[in-house]
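Could you build the full structure based on these sequences and the hints that come with them?
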Amino acid sequence: MSIARRRLSPEESRDNALEAARALLIEAGPQAVTLKAVAARIGRTHANVLHHFGSAEGLQRALMARLADAIVATIGEAVGRAHATDQDPREVVDLTFDAFGREGAGALASWMILSGNEDALDPILIAIRRLVDQLARDHDFDAAALTAETLGLVLTALGDALLGGPMAKALGVPRGTARALAVRQLTAAQQVIEGVAEKLDLQLDCPR
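Take the sequence shown: its letter number 104 is residue 117 in this note's numbering, and every next letter is one higher.
If you are wondering where the hints come from, they were derived from the structure by calculation, not from laboratory data. Some clues are possibly wrong.
[As the list claims (entries may be wrong)] Here are the simulated lysine to aspartate or glutamate pairs, DMTMM-like style, with alpha carbons at most 25 Å apart: (1) K49 to E116; (2) K49 to E70; (3) K182 to E116; (4) K49 to E24; (5) K49 to D132; (6) K182 to E40; (7) K49 to D28; (8) K49 to E32; (9) K182 to E70; (10) K182 to D107; (11) K182 to D153; (12) K49 to D107.
Note that this is a predicted model, so its numbers are computed, not measured.
Structure below.
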């Protein structure tokens, strides 16, 4: 006796396809994220997946947008915890590096750019810009300092995702060196900001 498969809503079907695409990205790299592979993964037809995304490029763009939302949500929470509790920024660095490296965002972006999609990074860049604005507003962070920290961290993480392994091997340094440098830079930046804030507080407290 066969059991009828529940009919999914368009939103559920699209979400399933994106989760399958994400799994393929992590397991086999960006070249594996095709309409055919995703369809096979979720037990649907090629035409069904094509209907949701229009093309392989559309699928990749949607996946990049999904990754961007997940990345900034996770990093945003970690940044808030780090600043609120004065904890080591290692968590923020690890989450950022893992997003571009282990989670495949860096590889997918480079693959799309090399395939002619010059705006492949737009979803992540826009999401990060929103995150910086939100953090500056919600946590009363210094916007200019936060922007500089974010720029340095994201560029370092993206570079490490693309060239970190070969560069570390060529230079004879441990694979995690770039992460360690990013932690050091964030720590130093936070110490400078805290020092400036403390100095301003002292000036305000001094009687005139």
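Going through the hints against the structure:
1. Distance check on the hinted pair: K49 and E116 sit about 21 Å apart at the alpha-carbon level, within 25 Å; holds.
2. Of the supplied pair hints, the one linking K49 and E70 holds, its CA atoms being roughly 13 Å apart against a limit of 25 Å.
3. A C-alpha spacing of about 22 Å is found between K182 and E116, which places the hinted pair at or below 25 Å, so the restraint holds.
4. For the proposed pair K49 and E24, the alpha carbon gap of about 19 Å is at most 25 Å, so the pair holds.
5. The straight-line distance between the Cα atoms of K49 and D132 is roughly 24 Å, inside the 25 Å bound, and the hint therefore holds.
6. A threshold of 25 Å between alpha carbons decides the hint, and for K182 with E40 the separation of about 23 Å falls inside it, so the pair holds.
7. With a CA separation close to 16 Å, the supplied pair K49 and D28 stays within the 25 Å bound.
8. Note on K49 and E32: the hinted pairing holds, with a Cα-Cα distance of about 15 Å set against a maximum of 25 Å.
9. Between K182 and E70, the direct Cα distance comes to roughly 33 Å. Violation of the 25 Å bound is thereby established for this hinted pair.
10. Straight-line distance between C-alpha atoms of K182 and D107 comes to about 20 Å, which keeps the hinted pair within the 25 Å bound.
11. Taking the CA atoms of K182 and D153, the gap is near 41 Å; set against the 25 Å cutoff, the hint is violated.
12. Distance check on the hinted pair: K49 and D107 sit about 33 Å apart at the alpha-carbon level, beyond 25 Å; violated.
Of the numbered hints given earlier, the model fails hints 9, 11, 12; all others are met.
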